[in-house]
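If you read the protein sequences in the order shown, they are chains P and L.
Per this note's numbering, the first sequence starts with residue 1, numbered consecutively.
Per this note's numbering, the second sequence starts with residue 1001, numbered consecutively.
For the record, the hints were derived by calculation from the structure and aren't laboratory data.
Please note that a few of the clues may not be correct.
Think about it this way: if two alpha-carbon atoms lie no more than 25 Å apart in a straight line, the pair counts; the simulated DSS-like pairs of lysine-lysine are [unchecked claim]:
no.	chain 1	residue 1	chain 2	residue 2
1	P	K232	P	K186
2	L	K1116	P	K498
3	P	K487	L	K1107
4	L	K1064	P	K467
5	P	K494	L	K1003
6	P	K483	L	K1052
7	P	K509	P	K327
8	L	K1064	P	K468
9	P	K483	P	K327
10	P	K583	L	K1064
11	P	K373	P	K468
12	P	K290	P	K302
13	L	K1064	P	K483
14	P	K477	L	K1019
15	P	K253	P	K186
16	L	K1003	P	K498
17	L	K1039	L	K1014
18	L	K1039	P	K483
19	L	K1180	P	K494
20	L	K1064	P	K487
21	P	K232	P	K345
22	P	K477	L	K1064
23	P	K468	P	K583
24	L	K1180	P	K487
25	L	K1003	P	K509
26	L	K1014	P	K468
27	P	K509	L	K1039
28	L	K1014	P	K498
29	L	K1089	L	K1003
30	L	K1180	P	K483
31	L	K1159	L	K1052
32	L	K1064	P	K494
33	P	K583	L	K1063
34	P	K521	P	K594
35	P	K494	L	K1014
36	L	K1063	P	K498
37	P	K477	L	K1063
38	P	K214	P	K302
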Amino acid sequence: MDIAEELAKKQKEISVAEFFEKNKQILGFDSPQKSLVMAVKEAVDNSLDACEEARILPEIYVEIIRVDKDEFQLTVEDNGPGIVRREVPKVFGQFLYGSRFHSVRQTRGQQGIGISAVVLYSQLTTGKPARIVSKISNEDVAYYFEIMIDTIKNRANVLKEEPIIVNKKSGVKIQVNLKGKYVKGKQSVLEYLQNTAIVNPHATIIFSDPDGLKIRFERAWNTPVEPPKETKPHPLGVEIGELMQMTSRTGAKKLKTFLTGDFSRISDHLAQEICNVSGLDCNLDPHSLKLDDLKRLHEAFKKVKILPPSFESLSPIGETLIKKGLKNVLGDLKPSFYSIPVTRKPSVYSGNPFVVEVGLVYGGSIPHDEQVKVLRFANRVPLLYQAGSCALTRAVENIDWRKYGLEQRGGEGLPVGPMIVLIHLGSTRIPYTSEAKEAVAEIPEIMDELDLALKESARQIKAFLIKKEVKAKLTEKFFLVQKILPKIAEKSSKMLNKDIPNLDPVITKIMNVLWIEENVKQDGKNAVVDVNVSNFTPEVKNFTLYADIPDGKVDGKIMPFGEYDENKDYIKWYISTMRPMEKITFNFRLRDLKGEYGETVYYIEGTDPVHVVGAEPLPGDWNLEALKSIIEEEEEEENGEEQV
Amino acid sequence: MEKSRYEMALESLKSIVEKIHSDLERGEVPSMELPARTKYNIVLDITKGVWKYGDAKITRSAKKIDGAYTLLRTMYMMDFIREMIEQNKSSTLRELYYISEGWDLAKFHTQDESNKLAEDLEIVTRFLREDFKLRPEEDGATVIGNITFEEINRKGNPKRINCRDDVGDAGYAIPYNVEKDKLKIISYDADFVLAIETGGMFDRLVENGYDEKARSILVHLKGQPARSTRRLLKRLNEELGLPVLVFTDGDPWSFRIYASVAYGAIKTAHLSEYLATPTAEFIGITASDIVNYDLPTDRLNEKDIAALNAELTDPRFNTQFWKNEIELMLKLGKKAEQQALAKYGLNYVTDVYLPDKVSELGI
């Protein structure tokens, strides 16, 4: 018998409980306070994954009741598809039982060690069984289970199994008692749920804490999230141990068909080449491969040319949902700026596809004198621990934020300012620094992408801060010409017994700006937009103003004399003579708005842009027609996806 | 009938208002021009031996918010002065500051702001703030020694005071107006004037009877001396021909006290020929004294060092003596107080230190 197999047999005989006890740290149950967070996390991650798979909008109820000084009863209930009766004991009562082998995709579940660890922890600390109710939509009744884990045989010990009536279509409810410590604030259950709500705006999460306080994170997006597609593993993303597992479990009889059938990106031709390079006969039975053969095969993968992995297995959150999530959960802070979230193009490290996303929130009641908060996510799951040694934090620290208008001592480390940074790394394999899966390792390819995404976001912050400064200066000048200057005129005239002079020429000299400002009044899907244009320059102006409407359709009349071309989706005003100190108000209505109306982008042509505030110069090569067609293409793609 | 100096001052102020008003009428951004009040814009008047403002001007314009505020305050202050002159009232600088509370946007945020603006008006009009009916508070600087003044008291009667026999230990308090119409010098019997920075040292010299022992007039500067103190020193020097010696702590700030007595202060360089005593001598404490007398010291702090470095680029200190002293102090990294001389006993300053220093100067 192979020595490896012999070892494997021995390993099975080690009690699971013993394994757990020895590896508590690895499994994340190393402190009473963390244990409670871990238990919630395992259950909630499972619920979200299950809902996603079934294309259900998740509604998850989490309840923690204090039973004793250090014993809590945790209940997590979802509206997911439920688990079929015969699978329930395996899912909850068998250690390291997974539903998916040999498929690669970005799921939350790969991060924990599974819900069975929670059941086991509960059993070890309180001696009580886990109570589970599961209902699937095909059956009329739900089933109630009481399960413990037989730690010697690593099998579920079902203490009770009976049908019960529940008033819902489908879903799972798990209830466990466990020892722990409930905390608030940093690294708490609440923080975990809040951050989860940010990156899952399609979910409603309700939390009832030990004090009976109920916190609701309401859904902000009514379309279920598309689950990422499963793909076969990419040869470069497979480690030797996995390769061993794959050969032992494959249905293929020959090495060549194993390579073409069980991996992505391997053609017949390439399989032949791999066999040649590794010196293995392509007709060998893959099950017969020894460790040494596998090593040669693994080496051969690196020597041949293989297409990078497909990105279908990735599931970025996307700009829209990141923004929705941030607004939904952090809206109470009344931030003055949300960056347009950056979702980078997918990239690859060691054969594993990954994607990086960044969203920034600035201002409002976010503290000004504290280090910025970094919200870290891996595959849509919040990372709460080991922030200091995590690549996602490091990437923020590596940027010289002073260039972007934030304070940062020495140009490194976390900057100080009213900002929250959201970073999401999605990958079929997140490169954690350790088995505890709490921090991401600094992989060069990932660091590069993080840097680019953060800088792209930081540039937006800078642009925002510059605009803010320009506005502040102008506000100051408005005050100057409207309050101070008239007083100077009044006082001097009084002292000399003279008339108060007309101040308009002086005002335009001081302001010297063409000021464009919009005022939006929204009512549901309709909005009225007033555009005030004031000529605070000493010259007569002659220009064309364009309003580029980001959302909705222009409805009814545009006042006065604006041209609207429905196909081009912009409004154009031509102003032939606008005298100094003259003010014009334009007005248009919008319908079919999708959400809260953002800002109209104004472009101006025919006047010096240096003295314009509130409109961008119309670039020479800026072609509204072309821009429009790009937008349409994107919309078609989106629609196309929805129909699938 | 001839115009009073108040009326002339008011006319001069009105010409500033005229300029602002005509700017507005012509559609120009209102502005006023005044000399730059920095150490880079003071020049030595060779004939008078004092430092005055040079030709560099700054323009205060309503184009920027700060300039606009200052112009507005200028308008309010001038209107207030007009009112006082017309109603024959006067106010202290502190009162002016408090009165501005009612000026809405034009109110001052610190008394420094209002003091400085009053000085600006002096500079532009070449009148004194007293001509604007503005006066400083009495600052408590005092004189002890054998000199007799005749002061017109608040009842309008002349009152003779001998600063040795008619005063208590605190001495004769210098009034804010020391011009001849207010204060006459009747007689004196002394060889020199000693101006002292700190109250502690002044008291020590008084207790030791240094005024009689050394035939000196002791003047307590009370830190950075007020205009009236400097004006009085100048009169004692010019009218009586008495040498003025300045005795201060040994630190960068005290060097500046001496400079303001001898050369004129940067802040009041427009009045230097009226306030400065170019022949005033610095006695100490010098940096060399720290070494020669082995005085107890304190370490220079960051601000001290910055002040010393600033003095190296201050034209008033551009002499070999000061260069050596400042550089030595920087090298030592130490400063010393006048009272550090007490290390050698309470009489050391009057028995040894001052006699040494004074004879060095040939007095």
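Do the hints match the structure? See the list:
1. P:K232 with P:K186: Judged against 25 Å, a Cα distance of about 38 Å means the pair is violated.
2. L:K1116 with P:K498: 29 Å, violated
3. P:K487 with L:K1107: 13 Å, holds
4. L:K1064 with P:K467: 19 Å, holds
5. P:K494 with L:K1003: With a Cα-Cα distance of about 23 Å, the restraint between K494 of chain P and K1003 of chain L holds, given a limit of 25 Å.
6. P:K483 with L:K1052: Violated. K483 of chain P to K1052 of chain L sits at ~37 Å, over the 25 Å cutoff.
7. P:K509 with P:K327: 41 Å, violated
8. L:K1064 with P:K468: OK: K1064 of chain L and K468 of chain P at ~18 Å, within 25 Å.
9. P:K483 with P:K327: Not OK: K483 of chain P and K327 of chain P at ~37 Å, beyond 25 Å, violated.
10. P:K583 with L:K1064: 24 Å, holds
11. P:K373 with P:K468: 22 Å, holds
12. P:K290 with P:K302: 19 Å, holds
13. L:K1064 with P:K483: Since the Cα atoms of K1064 of chain L and K483 of chain P sit roughly 13 Å apart, the hinted pair holds (cutoff 25 Å).
14. P:K477 with L:K1019: 22 Å, holds
15. P:K253 with P:K186: 53 Å, violated
16. L:K1003 with P:K498: Given pair K1003 of chain L, K498 of chain P holds - Cα atoms ~24 Å apart, limit 25 Å.
17. L:K1039 with L:K1014: 30 Å, violated
18. L:K1039 with P:K483: 35 Å, violated
19. L:K1180 with P:K494: 38 Å, violated
20. L:K1064 with P:K487: 15 Å, holds
21. P:K232 with P:K345: Roughly 21 Å between the alpha carbons, so the hint for K232 of chain P and K345 of chain P holds.
22. P:K477 with L:K1064: Holds. K477 of chain P to K1064 of chain L sits at ~8 Å (cutoff 25 Å).
23. P:K468 with P:K583: Holds - the C-alpha atoms of K583 of chain P and K468 of chain P are around 23 Å apart, at most 25 Å.
24. L:K1180 with P:K487: The given pair, whose Cα atoms are some 42 Å apart, is violated under the 25 Å limit.
25. L:K1003 with P:K509: Given that 25 Å is the threshold and the Cα spacing comes to 40 Å, the pair is violated.
26. L:K1014 with P:K468: With a Cα-Cα distance of about 41 Å, the restraint between K1014 of chain L and K468 of chain P is violated, given a limit of 25 Å.
27. P:K509 with L:K1039: 33 Å, violated
28. L:K1014 with P:K498: Holds, because 13 Å separates the two Cα atoms, which is no more than 25 Å.
29. L:K1089 with L:K1003: Holds, because 17 Å separates the two Cα atoms, which is no more than 25 Å.
30. L:K1180 with P:K483: 46 Å, violated
31. L:K1159 with L:K1052: 36 Å, violated
32. L:K1064 with P:K494: Cα-Cα ~24 Å, so holds.
33. P:K583 with L:K1063: Status holds; Cα separation ~22 Å.
34. P:K521 with P:K594: Since the Cα atoms of K521 of chain P and K594 of chain P sit roughly 15 Å apart, the hinted pair holds (cutoff 25 Å).
35. P:K494 with L:K1014: 11 Å, holds
36. L:K1063 with P:K498: 23 Å, holds
37. P:K477 with L:K1063: 8 Å, holds
38. P:K214 with P:K302: 54 Å, violated
The structure fails to meet hints 1, 2, 6, 7, 9, 15, 17, 18, 19, 24, 25, 26, 27, 30, 31 and 38 from the earlier list, while all remaining hints are met.
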